[in-house]
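Peer 1: Just so you know, the protein sequences line up as chains A and B, in that order.
With the working numbering as the guide, the letters of the first sequence map in order to residues 1 to 167.
With the working numbering as the guide, the letters of the second sequence map in order to residues 168 to 334.
I should point out that these hints are in silico values taken from the structure, not numbers from a laboratory.
Yeah, the Cβ is synthetic: ideal placement off N, Cα and C, and Gly gets one too.
One or more hints might be untrue.
[Stated by the list, open to error] Counterexamples of contact, computed for chain A against chain B with all Cβ distances above 10 Å: (1) 1; (2) 2; (3) 6; (4) 14; (5) 22; (6) 37; (7) 99; (8) 115; (9) 161; (10) 164.
[As the list claims (entries may be wrong)] Each pair of labels, with its calculated beta carbon distance range: (11) 28(A) to 225(B): 29 to 39 Å; (12) 59(A) to 181(B): 17 to 27 Å; (13) 317(B) to 84(A): 32 to 42 Å; (14) 28(A) to 222(B): 38 to 48 Å; (15) 89(A) to 220(B): 22 to 32 Å; (16) 227(B) to 18(A): 43 to 53 Å; (17) 318(B) to 107(A): 34 to 44 Å.
Protein chains: 2
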Amino acid sequence: MLTEMDIKTVVIGGGPVSSLIVLKPARQDEKEPLSLPIRIGSVEATAISMGVSPEGGARPMTHDLLKSVMESLGGHLRSVIINDVSGTTFYAQLDLVGADGHQVVVDCRPSDAIALAVRCGATLFAEQAVLDVAGMPDFRAIEDQEHDQEIKDFHEFVEGLSPDDFT
Amino acid sequence: MLTEMDIKTVVIGGGPVSSLIVLKPARQDEKEPLSLPIRIGSVEATAISMGVSPEGGARPMTHDLLKSVMESLGGHLRSVIINDVSGTTFYAQLDLVGADGHQVVVDCRPSDAIALAVRCGATLFAEQAVLDVAGMPDFRAIEDQEHDQEIKDFHEFVEGLSPDDFT
């Protein structure tokens, strides 16, 4: 079973910080919001975000060329599917239609698949099995919890102070 | 007029050092050897050198996917042509054959073109006009000259020494 996904955020890491793309179901369950975080290379993270908001005047990048070559050969990207995960390694497939109208499926990395999808306006899907294994409670909910805990800790700290601490 | 080119060297830069690919005519004129140095991104330099000597077990990179998509759609890369230069910016074209046997030409960056060519075993060409503008005397010749000059300078330095300098 496939779930349609949206891009929630792209984090372009640097140095020791990994780059990350976080997907979420296009139709979120408000009670149990879900995130699908996928670690990707910083080059691919940049390629995805430049596909989302292209910089005018910049030279076409490799994924722009991938789109040009595909379209020049009469191909069309119908959708991309995050179809498997093993440990923290995700796998994806391009669902293409060739010039003769036949379906062509090509295996690839999720980062390449998403960088192409954003350029082609193609739909993103994730296999339910992938969401079952690698889906996480929504990050925002975790952040809110952490924020609440931080305020609680601070209040406890302040309440534990004696008047002597202020002198 | 097109000249068939070979890859002479790929320099993968880092920090302030640019990455570079140096092409040379496949049939060099021994009297006037020529180099065509093209500044490229370090990511593209890595993509080219991994295409020349693939690392076993590594996940397919974007140019591997470009090849897969092209071939899945019945396309074939005949050659790539470095067809123009403006300042230090070079332009290239992929000379593809589509599934129906028709020629398809796609504009791209030389780095993408070469990274794809090395994966497909396609021939590299440069327009004569590009070689006229951007071709340089062969680097090796320059290095040899510099080496000769260095030895000459050292000999002059030694000859200029007086016995007192050794005490």
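Peer 1: Would you mind marking each hint as holding or not holding in the structure?
Peer 2: Structure-based check of each hint:
Here residue 1(A) stays apart from chain B, with its beta-carbon at least about 26 Å from theirs, past the 10 Å limit. Every CB of chain B lies more than 10 Å from the CB of residue 2(A), the least distance being 21 Å, so the non-interface label holds. Listed as a non-interface residue, residue 6(A) keeps its Cβ farther than 10 Å from every Cβ of chain B; the least gap is roughly 23 Å. Once the 10 Å rule is applied to beta carbons, residue 14(A) is consistent with being away from chain B; the minimum gap is 14 Å.
The Cβ of residue 22(A) lies farther than 10 Å from every Cβ of chain B, with a closest approach of about 20 Å, so its non-interface assignment holds. Every CB of chain B lies more than 10 Å from the CB of residue 37(A), the least distance being 18 Å, so the non-interface label holds. Interface exclusion of residue 99(A) from chain B breaks down, the closest Cβ pair being 6 Å apart, not more than 10 Å. Residue-level check failed: residue 115(A) sits 8 Å from the nearest beta carbon of chain B, not beyond 10 Å.
With a least CB separation of 49 Å from chain B, residue 161(A) remains clear of the 10 Å interface cut-off, as annotated. No beta-carbon of chain B is positioned within 10 Å of the beta-carbon of residue 164(A); the least distance is around 53 Å. At about 36 Å, the CB distance of residue 28(A) to residue 225(B) agrees with the hint of 29 to 39 Å. In this structure, residue 59(A) and residue 181(B) meet the distance hint of 17 to 27 Å, their C-beta atoms being roughly 21 Å apart.
The hint said 32 to 42 Å for the Cβ distance between residue 317(B) and residue 84(A), and at roughly 58 Å that hint is violated. Between residue 28(A) and residue 222(B) the Cβ separation comes to about 40 Å, which falls inside the hinted range of 38 to 48 Å. Checked against the hint of 22 to 32 Å, the C-beta distance between residue 89(A) and residue 220(B) comes to roughly 23 Å, which is consistent with it. Distance hint check for residue 227(B) and residue 18(A): the Cβ-Cβ separation is about 20 Å, which falls outside the suggested range of 43 to 53 Å.
Checked against the hint of 34 to 44 Å, the pair residue 318(B) and residue 107(A) fails, with Cβ atoms roughly 56 Å apart.
Of the numbered hints listed earlier, those contradicted by the structure are 7, 8, 13, 16, 17.
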